[in-house]
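Guided by the hints, dock chain U onto chain D, whose structure is given.
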Amino acid sequence: MRLLPYGDRALLVELADTAAAVSAAGALRADPALADLLADVVPGARTVLLVARPGVALDRLRAILPGQKHLIGAGNGAFDPGLPQREVTIPVVYDGPDLADVARLTGLGEDEVVAAHTGNAWQVGFGGFAPGFAYLVGGDPRLHVPRRDQPRTTVPAGSVGLAGEFSGIYPRASPGGWQLIGRTALVLWDVDRDPPALLTAGTTVRFEAADG
Amino acid sequence: MAELAELLVRSTGGPVLVQDAGRPGHAAIGVGSSGAADLASYGLGNRLVGNAPGAAALEVVLGGLEVEATGTVWACVTGAPAPLLVAGRREPPGAVVALRAGQRLRLGMPATGLRSYLAVRGGIDVPALLGSRSRDTLADLGPAPVAAGDVLRVGRERDGEMVVDAVPPQSYDARPVLRVVRGPRADWVADPAALVARTWRVGADSDRVGLRLDGDPLAVVPDRGQLPSEGALRGAIQVPPDGRPVVFGPDHPVTGGYPVVGVVVAADTDRLAQLRPGEELGFRWA
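Residue numbers (the working numbering), protein chains in the order written: chain D, 1 to 212; chain U, 1 to 286.
So here's chain D without its partners, still in its complex pose:
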């Protein structure tokens, strides 16, 4: 673990890998010693940004953080979000326009791509692209593929994609560069729902193949 400066209101905690960042973010969010000090905990792919509440000196965070055992112990590769486990099953019609490309890039058959995507449980890692979008981590490593060379100007809501080590579902129609392998009818973001996001921090996600 490394603490990096981030202005006068925040500290950036750098960790070994995504698994460590996800578990550290969950533990930091749940830590009663930090609850009154932090305005937000922003997980990233290798980092956690800790934003202090107004009036909280960063020295107070710097004094507390090195003693937090979930940071020192983080990085063992296991996903331990430190939050009550919640599991969501997402039915997917695997007919995405990039399914053949993903099969070619991974050296798998299209049915093997589907088997790999549904075989392992994924976990909500971090957000950021749009409200309700979750970068899902912890899936089958054979599915690591680059983004598309040419992003699409419109990706329909519910599209299920892959990029790098992540899988994700577009909560609404937007431009996007992920490799699209399927689609779901579930609503990822609904402002009339509490919480509006279907996929919240710590949620375990299982995909299952559905008929179109």
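Since the hints were derived computationally from the structure, they do not count as laboratory data. Keep in mind the model is a prediction, meaning the values are calculated, not measured. The C-beta atom is built at its ideal place from N, Cα and C for all residues, glycine as well. Please note that the accuracy of each hint is not assured.
Far from chain D, by Cβ distances over 12 angstroms, these chain U residues were calculated [as the list claims (entries may be wrong)]:
| id | residue |
| --- | --- |
| 1 | R47 |
| 2 | T70 |
| 3 | V97 |
| 4 | D136 |
| 5 | S171 |
| 6 | P176 |
| 7 | A197 |
| 8 | G203 |
| 9 | L227 |
| 10 | G235 |
| 11 | A266 |
| 12 | D268 |
| 13 | A286 |
One-sided and incomplete, this derived list gives chain U residues near chain D with beta-carbon spacing under 10 angstroms [what the hints assert, rightly or not]:
| id | residue |
| --- | --- |
| 14 | S11 |
| 15 | H26 |
| 16 | G183 |
| 17 | P184 |
| 18 | G225 |
| 19 | T255 |
| 20 | G257 |
Just chain U now, kept in the frame of chain D:
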């Protein structure tokens, strides 16, 4: 108790958005803080009309807003010093004014600055989302931009009496020098000191998401590869491969993939919100 009043929006000039103190704490579901771009001016307006902290106000870019009250509404304008016309009478910005039923308040073009805040006693009452009435322009969340013909209800978020009649209007100096702290990825540019040595100009494509700065671009260290996405913050200065810095505003993306080489200190981010496209600014290390 008297019926609560409404504001009828008669006309707008630049963008008019409902804003409050923002909705921090939802980064994990991809929702940023948003909130007033100039938090100090927004907060001052609420205090002047005796509102509870966090009551919603209107953020007005370069004047042009005209509203009509349906009952008595106490109001004041802070931030960019837009000249006020109240029922046809000139009033200085920073004055707490009463609008009676049928009277109109009009904001003119401020001489300096970009964003004025119209606070009304009781706050603007629109539905809140995740605890905030802020419009997040990047995420397309919160109340829709205010347009002519809208009817805005005045709320009940009063928190005390109005004890001050007026404050001196703000004015903004040319080429402000903002304090900045080295960012977590300062070593991704060849010469981080160039950030504070150079004069920057606010790009025309700047908005609440970020100020895009024109000037001699920063040289990005080649072959560093891609930075995995990491958390972003208002005031963070991100440098994309073209070397043209972007200073994040209130509607910045929750996470970003370009290196953050510096972060403007929180107290100086309000000044960022008042910079017009084409204006110059500098940085100095805090």
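Just want to verify: D268/U was marked as not at the interface with chain D; is every Cβ pair farther apart than 12 angstroms?
violated, 10 angstroms
Verify the interface restraint on P184/U: the C-beta must sit less than 10 angstroms from at least one C-beta of chain D.
Holds, about 4 angstroms.
Holds or violated: is there a CB of chain D closer than 10 angstroms to the CB of G183/U?
Holds, because the Cβ-Cβ distance from G183/U to chain D comes to roughly 7 angstroms (cut-off 10 angstroms).
Checking a non-interface call: every C-beta of chain D should be farther than 12 angstroms from the C-beta of G235/U. Is that right?
Not fine: 6 angstroms to the nearest Cβ puts G235/U too close to chain D.
Whether T70/U stays farther than 12 angstroms from all C-beta atoms of chain D, as the label says
holds, 28 angstroms
Just want to verify: A286/U was marked as not at the interface with chain D; is every Cβ pair farther apart than 12 angstroms?
violated, 7 angstroms
Per-residue hint verdict: G225/U, partner chain D, C-beta under 10 angstroms:
violated, 12 angstroms
Outside-interface status for S171/U - nearest CB in chain D farther than 12 angstroms
holds, 26 angstroms
Would you assess whether A266/U, listed as outside the interface, keeps its beta-carbon beyond 12 angstroms of every beta-carbon in chain D?
Check fails; 5 angstroms does not lie beyond 12 angstroms.
Would you check whether G257/U satisfies its interface hint, that is, whether its CB is within less than 10 angstroms of any CB in chain D?
holds, 9 angstroms
Supplied contact hint for T255/U, tested at 10 angstroms Cβ to chain D:
For T255/U, the interface hint holds, since the closest Cβ of chain D sits about 3 angstroms away, which is under 10 angstroms.
How about S11/U: closest beta carbon in chain D under 10 angstroms, or not?
Constraint on S11/U not satisfied, violated at 29 angstroms.
In this structure, the hints that do not hold are numbers 4, 9, 10, 11, 12, 13, 14, 18, in rising order.
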